[in-house]
Amino acid sequence: MPRPAGSAAGRLARKLWRIATANITIEAGIVLFLLVVAVAVFAPLIATHDPLDQDLFERLGTPSTEHWLGTDSFGRDIFSRIVFGARISLVIGLSAVLTAMVVGSFLGVLSGYLGGWVDQLVGQATNILLAFPSLILGLMVVAFLGPSMINLIAAIALATVPQFVRVARAPTVALRDRDYIQACRALGFSPLRTMLRHVLPNIWPEILVMATLWLATAIRVEASLAFIGLGVKPPTPTWGGMIREGFENILTSLWLAIFPSLAILVVVFALNLIGDGLRDALDPRLRKDE
Amino acid sequence: MARYAILKLIYSVPTLLAVLTLVFVLTRVIPGDPALMILGDQASPQAIAALHVQLGLDRPVWMQYLHFLANVAHGDFGKSLVTGQSVVDLAASVLPSTLELTIASLVVGTVIGVPLGAWAAIHRNSMPDALVRAGSLLGLSLPAFVFGILLLIVFSVQLGWFPVISPTGRVSALENLRALALPALTLGILMAAYIARVTRSSMLQILGEDFIRTARAKGVPWRMVIRRHALRNAIIPVVTVVGLYLGVLIGNSVLTEMVFNRPGLGKLIVGALTQRDYPVLQGLMVLYTLLIIIANLLTDLAYGIFNPTVRLR
Amino acid sequence: MTPPAPRGPLLEGFNLTKTFEARRRMGAPRARVHALDDVSLTVAYRETLGLVGESGCGKSTAGRTLLRLLEPDAGSIWFDGEDITHAVPRHMRALRKRLQIIFQDPYASLDPRMTVYETLAEVLRVHNVCPRREIPARVAELLDTVGLPPSAAGRYPHAFSGGQRQRIGIARSLSVAPDLIVADEAVSALDVSIQAQILELLARLREKRGLSYLFISHDLGVVRYFCQRAVVMYLGRIVESGPVAALFDAPLHPYTRMLRQASPVPDPVQARATVQVTGEVPSPLAPPPGCHFHPRCPLATAICRQERPAMRDAGGGRLVACHLYREEGKEGQASFS
Amino acid sequence: LAAAFTQAQPATAAEKVLRVGMATGDIGKIDPHLAAGTQDKVVVGWLFNGLVRVKPGEATPKFIEPDLAESWTSSPDGLSWTFHLRHGVQCHQGYGEFTAEDVVYSLQRAADPNRSAYSSDYKAIKAITAIDKYTVQIDYSEHVPSVLGFLINFQGGNMVCKAAAEKMGADFTKHPIGTGPFQFKEYAPQQELVLEANPAYYEGRPKIDRIEYRFIPATAARDLAFEKGEIDIDYGQTDKTWYSRITKLPHTKVVAVEPTELYTVHINESHPPLDNLKVRQAIAYAVPRDALVKYRGEEVTRAAKSVVPVGYLGETDATPLFPYDPAKAKALLKEAGYPNGIKLKVVQTSLGTMRDTMEVLQGQLRKVGIDLDLQIVEHATFHAQIRKDMSDLVLYAAARYPIADTYLSQFYDSAATVGTPGAVANFSHCNVADAEIRAARTETDPQKQLALWATAQKKIIENVCSVPVYELFNVWAISDRVKLGYELHGALSQGIPIIPATTIE
Amino acid sequence: MPGDPVLSVQGLSVQFRIGGAWRAATRGIDFDLAPNETLALVGESGCGKSITCASILGLLGGEGARVEGSIRYRGREIVGMPESELEKIRGKEIAMIFQEPMTALNPVMPVGEQIAEAISVHLGCSRAEAKTRALGFMERVRIPAAPERYRDYPHQFSGGMRQRIVIAMAMACQPRILLADEPTTALDVTIQAQILAELRDLCANLEMSMVFITHSLGVVAAIADRVAVMYAGEIVEIAPVAELFAAPRHPYTQALLQAIPRVDRETVTLRAIPGQVPAIAEFGSGCRFAPRCPRASEACQAVPPELAARGGPEGHRVACLAPAPVRERAS
Ligand SMILES: Nc1ncnc2c1ncn2[C@@H]1O[C@H](COP(=O)(O)OP(=O)(O)OP(=O)(O)O)[C@@H](O)[C@H]1O
Ligand SMILES: Nc1ncnc2c1ncn2[C@@H]1O[C@H](COP(=O)(O)OP(=O)(O)OP(=O)(O)O)[C@@H](O)[C@H]1O
Ligand SMILES: [Mg+2]
Ligand SMILES: [Mg+2]
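Quick mapping for you: the protein sequence lines, in order, are chains A, B, C, D and E. The first sequence finishes on residue 290 if you use my numbering, and the numbering steps up by one all the way, no holes. The second sequence finishes on residue 603 if you use my numbering, and the numbering steps up by one all the way, no holes. The third sequence finishes on residue 940 if you use my numbering, and the numbering steps up by one all the way, no holes. The fourth sequence finishes on residue 1445 if you use my numbering, and the numbering steps up by one all the way, no holes. The fifth sequence finishes on residue 1776 if you use my numbering, and the numbering steps up by one all the way, no holes.
No lab work stands behind these hints: they were computed from the structure. There may be inaccurate statements among the hints.
Negatives, chain A to chain D, calculated, CB over 12 Å [claimed, not checked]:
1. 16
2. 42
3. 45
4. 87
5. 95
6. 121
EDC-like mimics (lysine to aspartate or glutamate), calculated; alpha carbons at most 20 Å apart, straight line [what the hints assert, rightly or not]:
7. 1114/D with 366/B
8. 15/A with 721/C
9. 1180/D with 58/A
10. 1218/D with 1265/D
11. 1114/D with 379/B
12. 1328/D with 323/B
13. 1234/D with 58/A
14. 1328/D with 331/B
15. 233/A with 1296/D
16. 1063/D with 331/B
17. 233/A with 1311/D
18. 298/B with 119/A
19. 1234/D with 53/A
20. 1270/D with 53/A
21. 1328/D with 348/B
22. 1234/D with 55/A
23. 1125/D with 379/B
24. 1423/D with 1136/D
25. 1307/D with 58/A
26. 233/A with 1313/D
27. 1307/D with 50/A
28. 1168/D with 1445/D
29. 1307/D with 53/A
30. 1328/D with 1313/D
Where is the CB? At the ideal position from N, CA and C, for every residue including glycine.
Using the sequences and the hints, build the whole thing.
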């Protein structure tokens, strides 16, 4: 029975679902991650305080029944800020990594598939990007474009792009000589079609695994940029920004830096569960002996 | 091999040039005036204008660029606008500590990361694996500066084993090592978290290879199979990753250097950027790019050592 | 079962040369692999031409170059009376409807992430082979042609056995109604019983559709069974060609002879006869001078080490490139300097 | 790498080393006429002398006493001054005796915009003449509010040695030569600056042999180093938490000293709706000055009293600042036609204390419906952008030479309006007190001068050109082992003066 | 074949855990291997040749696999033997050559050392001694300039040479039994001919028995003394080589022989076996070939036929209820 040609989205959804339920590790990761997302989405319901409300006489309070995780140096409720911070941190992490993933994998596939001068060019550009420490890159982008969340995302994405170029390029080069890609040429498919419909879908597991790893890093880079004062605009809470603030009082109030770090840990943990699970689920050899 | 190295360096000239140009253009288009940074907020506009002329900042950007390139071609990277120090001297003064820290962290990271990763792979899905993976997650989510301070509090203040701030001037090798220990541990342990992951997955892959089966079929005991066959192969992709990580170590250790108060290239670059100290920024970026290139070269060579299939005959 | 006699050239390659830059090791000087060295061959209408030789001798390169999947360094390619050596990509893509290829490895030649239906429908769509509405029917028809059940359409390649996959690959090639198919070791990866099934299918298509094949293989038995003529390659050069029976029953070139002797025959009595095989295939990076085969040739003489033997007509549609052939007293044939 | 492991050079047991931890990544310019950052001024204070000086430990002109000049006279009209130099003062490192020539050179240098950041302070100087080896005459073209004030060991008043400055030219910043108690020894980028005692110091050789001035940007690291005794003097954070933590350490004295930095929110009148006085008043009513002082710590902060920092010559609290009254602020906003509040764009530096203060203000103003959209930029960009008039509010912290004129001229005279030629730092486009400020500058009668300044302050406050918030002291933690040898109330250099008597156990 | 069998396999069944259930990939494999004998194991891809071999070396096992039945090496039971014991047998008593010479060698270890490793592990001799012996074997498999190439890495050798290294490695401790799992499948015909000749020589000289796995009947003809034909996890026919080729009795064997085009003569008709080999999960309880068998009856579907002489000579056994009649051998 021939199947209808359309519904590419449906197909993708089905594929995703199949992968998502491939093993318990992925499932656990996804549940945990969704939990964090839920916290972000329902932040106003979960937070116990207004995350922006300062109480100048209650600064640096230790955890208590009133403030579960204590207060920061402006007397704001840390728990509520972590809850609300999930929003921005996730948005930053997700958008930066998605951007880097899309741009990076496209460039990687392009350079790996076409080879020649395109490859040279992309390779050089990647090297140049890699030659900038991500902190400097961030500093420059933000100094150049001005501070905003979009630019912050751009900075983190820019620093991450080379990684995806590399991840995408290597398997593309290997795929290029595979018969089924050769067959595409033999069948007269255009290079673009071949790349988008045949190469990309076959390397995306590797890219996806990479993305789960870098999402964590992206959230952390925000902390580094916040550390040199270039995070998201205050008073918006972000985990990175909170770590930075916490760091200034680290000798008196250690928890200020620790709690947001733990929040990152939860996300990193969830993503790594997904990443590890994916790696196993998508690796046929590992799947066999399951 | 020497030929290869030289060729590689020659090939990297365009990269170097591109980085230079990029840095030059970027620093000129971002707002901020070095004269203001130097003279301070009370400086009169005349004084600022005068300094502009003195520093050559009044000329068109392209002329500054050509001038700069011409100087670089003569090996002259100029002087710091702020302190008047020669850029080359500045770079030379921080290079040792940067290299020291980089190498030390590298050693720590590999020495801890590789065995842990291998151990986890061998005991896949059991206790050691879970431990290593959890530990490496912790390493992946803790920012270096937080981790650094924690180490400082425990090992320097509580236990008093190491100094809080690095000693300066001429110090004994031992003291130098003591001062190096904590920063190197900070960067090294965080790196180990990463290395362990890579080693683990590489090891898992190698353990499925045919030649492992061959070795077992020869009757080689399992431990020996691991050591002589699996580990030696698993290390190969780790070399690449370590090479990539080198860049991170050299450039992104700014915050660690700040916490441990060590001089370093990254710190200097950030400082130069915030001060709009153009010559220093440019010069250091050249040095930094060169270091990255050399690091890549060394990675290639190391890769050749570990992987005979790409080795020279 | 023998197809009608060939009607004249369909696909021709003249003096094709193709070199690859070998993967360079650190700092080593560039090295070039001469995958094709002045190779000329012709596939006639409705003819099946076999191409045999050892691994790495350039068989696939020849096949792919003829299809312009690889660009030749020198030489020209003619298809159906048209010089397509420099055809523009657009024109080439149109030509691909008539020129197809089947690959050796049935596991690697299908996109693992596409169902059979998607794989086949995509080709039909891209080439506008038929109106969109008719695509499902057309796919079903193709599956039927290669002997697969209609239910196969919805499944992914991994759900098929090697033989079935090879059928899908064939169906894909047939979807555009080609005149010529390059079968690059299309049956080498298959077990004998499945190999027989596929050969049967290819033969049937030849009958029904009047297809021509360039049939690449290293199995002399299969070539002898399936092809009318065969070409033997050694290290990027053609050493001998001719009708299969004559070629394998009475090889003229020492290499063909060696191949023939080394090819196992399922007959324990015959097989135990000692084979005369010496030496290894030299590296294509540094092929020996003169006749490439001389280091392994039991009969090699001085001239073999220095001069490249010319291709000579040996009568009966046979060509051979061997210095010794002349010495065997067939002088008076086309001479060469 | 080998270079880093060079042999130890053991300090002799008797050597007295003072280790100072400074909150900076590196030193800037150690040229007294160019030094702008606190980290530089602290060092300049140890290396140089002025013709006169403020008594060590004090920070106001009330305590002016002789330094390189033993005595001085002035003409009746106050336009000509003659200074008699101390004999036998030696420049560092053998650059010879300090004479009238050096004074002439120094002052000319300080007045030269090409070589000095403070040239405008010496605009009124007509001529400097070396009468003889030990006598200098300075002629002014107009009356100057405080002649001696600009000849103290502060900014342009610091005396450099001519021979050294001329010989080294631009390198002088790397190798400063003065006459102070300590002289330059060596500099390691990002690490430290080492000074050694000037054996020929005119007040006698300092008891401290060496000062190691360490650059430690991370507060936590600096504090831990102090706690462990790896440094003796720690540049502190002007913050309650820091103060109370460090105060609890044993053998530690924490000092909060003048000069303070006044934190002022300049309101840009040229940006609507800030051209509306009611809106500006609303902002003024919304700032809880006392709460902010409590928040930052009463030990290290004091509430602003006027638009000029407390204690500056001419400062007066005659006109009270607007009290905290959020209800009134809301009402004013409503009156002005903004019942739903306003939104202001604020360019803000990423530097610590400034940023904290702004964030607190943001949180407080939010309560009355004033929403601050903070654009956090790094410091250089901040300076560039506020000078391009890009911010609605500018939070600025500054310490100046402590007379009212410096503050008023730089921040409230329309000649200094940002975006105009000759601009310095009038971010608010304030012009209500131009007449008084300018008249006071050349007024010879001190009483009248004070009156003019008072009127100026009144007008500025009433017009709400700015909202002064609080003043932060310089805070230092000093180990008990350090014996200063004088009473410390303040220091214009913002550092801890080290006099010959200062010692360490 | 005289003497006690060196290897005796009885009722061997290898099971894999697939989708939660244990499925038998092979069932009831029985065969003996006499001293000095070469037994060829032929059959289509996936019929269980490799796992049979691997279980003889005790390389299977662990979480996803289970071995049942009995494998006796000179009287000692291998199934269930502890790993430490197995390690002493592997390489020394029973050695194995793998199919892929490209991947069977450790790419980062010099080939000489890989050969010497087995020697030093089993014979406990010094490095130098091991090297001497290893060199001896390298020469024996005709690696030219062996001493110079001792320290070379696998990638520096051609496929044929690599396969010879693998053979040298297997020979290094002079095992009694050599398990050769498709040692020539990846090689060119000319190289294959050389390797086969070498293996024959070695077996003869070292008095070794060999189990030779292949799916090429041409190769079987060239090397084997006896042949076992496997189909879907079972041995369907086992006979001396000449007899099997001359008078195959199992319908599968017959079909197989008819499906091979020959070089040496005109093949007029090539008869393909219709249908597919069933997947492990689809194995029925009866004769596994029945669905494709032209002679299949209902009885075939019910019970698995046993491997038995069925009227033929004792050495020629077949697992078919309706085998082809025994023919007079045309000598
Ligand atoms: N893309 C390529 N880059 C470099 N060398 C190549 C490339 N493709 C083929 N070669 C080399 O060209 C030579 C001929 O290769 P080709 O694939 O045509 O041989 P073949 O006869 O088809 O061999 P096989 O039987 O192994 O398929 C070989 O030495 C091969 O290594
Ligand atoms: N680890 C495993 N888990 C599950 N099934 C397995 C495993 N290993 C082998 N099999 C299955 O067992 C069957 C026999 O495999 P085996 O490798 O012995 O075949 P073979 O006869 O050697 O084939 P080939 O000629 O392809 O090497 C196959 O169907 C295979 O898929
Ligand atoms: Mg090929
Ligand atoms: Mg097998």
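Each hint, compared with the structure:
Its beta-carbon lying about 38 Å from the closest one in chain D, residue 16/A satisfies the requirement of being farther than 12 Å from that chain. Residue 42/A, annotated as away from the interface, keeps every beta carbon of chain D farther than 12 Å; the closest lies near 24 Å. The Cβ of residue 45/A sits about 22 Å from the closest Cβ of chain D, beyond the 12 Å cut-off, so the non-interface label holds. Listed as outside the interface, residue 87/A is consistent with that label: its C-beta sits roughly 18 Å from the nearest C-beta of chain D, beyond the 12 Å cut-off.
Non-interface status of residue 95/A relative to chain D is upheld: no Cβ of that chain comes within 12 Å, the nearest being about 20 Å off. Against the 12 Å criterion, residue 121/A stays outside the reach of chain D, whose nearest CB is about 32 Å from its own CB. For the hint linking residue 1114/D to residue 366/B, the alpha-carbon distance of about 19 Å falls within 20 Å, and the restraint holds. Restraint check for residue 15/A and residue 721/C: satisfied, since their Cα atoms lie roughly 15 Å apart, inside the 20 Å limit.
For the hint pairing residue 1180/D with residue 58/A, the CA-to-CA distance comes to about 12 Å; that is within 20 Å, so the pair holds. For the hint pairing residue 1218/D with residue 1265/D, the CA-to-CA distance comes to about 14 Å; that is within 20 Å, so the pair holds. For the proposed pair residue 1114/D and residue 379/B, the alpha carbon gap of about 12 Å is at most 20 Å, so the pair holds. Distance restraint check for residue 1328/D and residue 323/B: the Cα-Cα separation of roughly 12 Å lies within the 20 Å cut-off, and the hinted pair is therefore satisfied.
Between the alpha carbons of residue 1234/D and residue 58/A the distance comes to roughly 11 Å, so the proposed pair stays at or under 20 Å and holds. Of the supplied pair hints, the one linking residue 1328/D and residue 331/B holds, its CA atoms being roughly 14 Å apart against a limit of 20 Å. Pair hint residue 233/A plus residue 1296/D holds up; C-alpha atoms about 13 Å apart against a cutoff of 20 Å. A hinted pair counts as satisfied when its Cα atoms are at most 20 Å apart, and residue 1063/D with residue 331/B qualifies at roughly 18 Å.
At most 20 Å may separate the alpha-carbon atoms for a hinted pair to count; residue 233/A and residue 1311/D meet this at roughly 13 Å. Proposed proximity of residue 298/B and residue 119/A is supported: the alpha carbons are some 17 Å apart, at most 20 Å. The hinted pair formed by residue 1234/D and residue 53/A meets the criterion: a straight-line CA distance of about 17 Å does not exceed 20 Å. Restraint check for residue 1270/D and residue 53/A: the C-alpha separation of about 18 Å stays at or below 20 Å, so the hint holds.
This hinted pair checks out: residue 1328/D and residue 348/B have alpha carbons roughly 18 Å apart, not beyond 20 Å. Distance restraint check for residue 1234/D and residue 55/A: the Cα-Cα separation of roughly 12 Å lies within the 20 Å cut-off, and the hinted pair is therefore satisfied. Pair hint residue 1125/D plus residue 379/B holds up; C-alpha atoms about 17 Å apart against a cutoff of 20 Å. A distance of roughly 18 Å separates the Cα atoms of residue 1423/D and residue 1136/D; the hinted pair therefore holds under the 20 Å criterion.
Between the alpha carbons of residue 1307/D and residue 58/A the distance comes to roughly 17 Å, so the proposed pair stays at or under 20 Å and holds. Of the supplied pair hints, the one linking residue 233/A and residue 1313/D holds, its CA atoms being roughly 8 Å apart against a limit of 20 Å. For a cut-off of 20 Å, the pair hint linking residue 1307/D to residue 50/A stands: about 12 Å separates their Cα positions. This hinted pair checks out: residue 1168/D and residue 1445/D have alpha carbons roughly 16 Å apart, not beyond 20 Å.
Between the alpha carbons of residue 1307/D and residue 53/A the distance comes to roughly 9 Å, so the proposed pair stays at or under 20 Å and holds. Distance check on the hinted pair: residue 1328/D and residue 1313/D sit about 18 Å apart at the alpha-carbon level, within 20 Å; holds.
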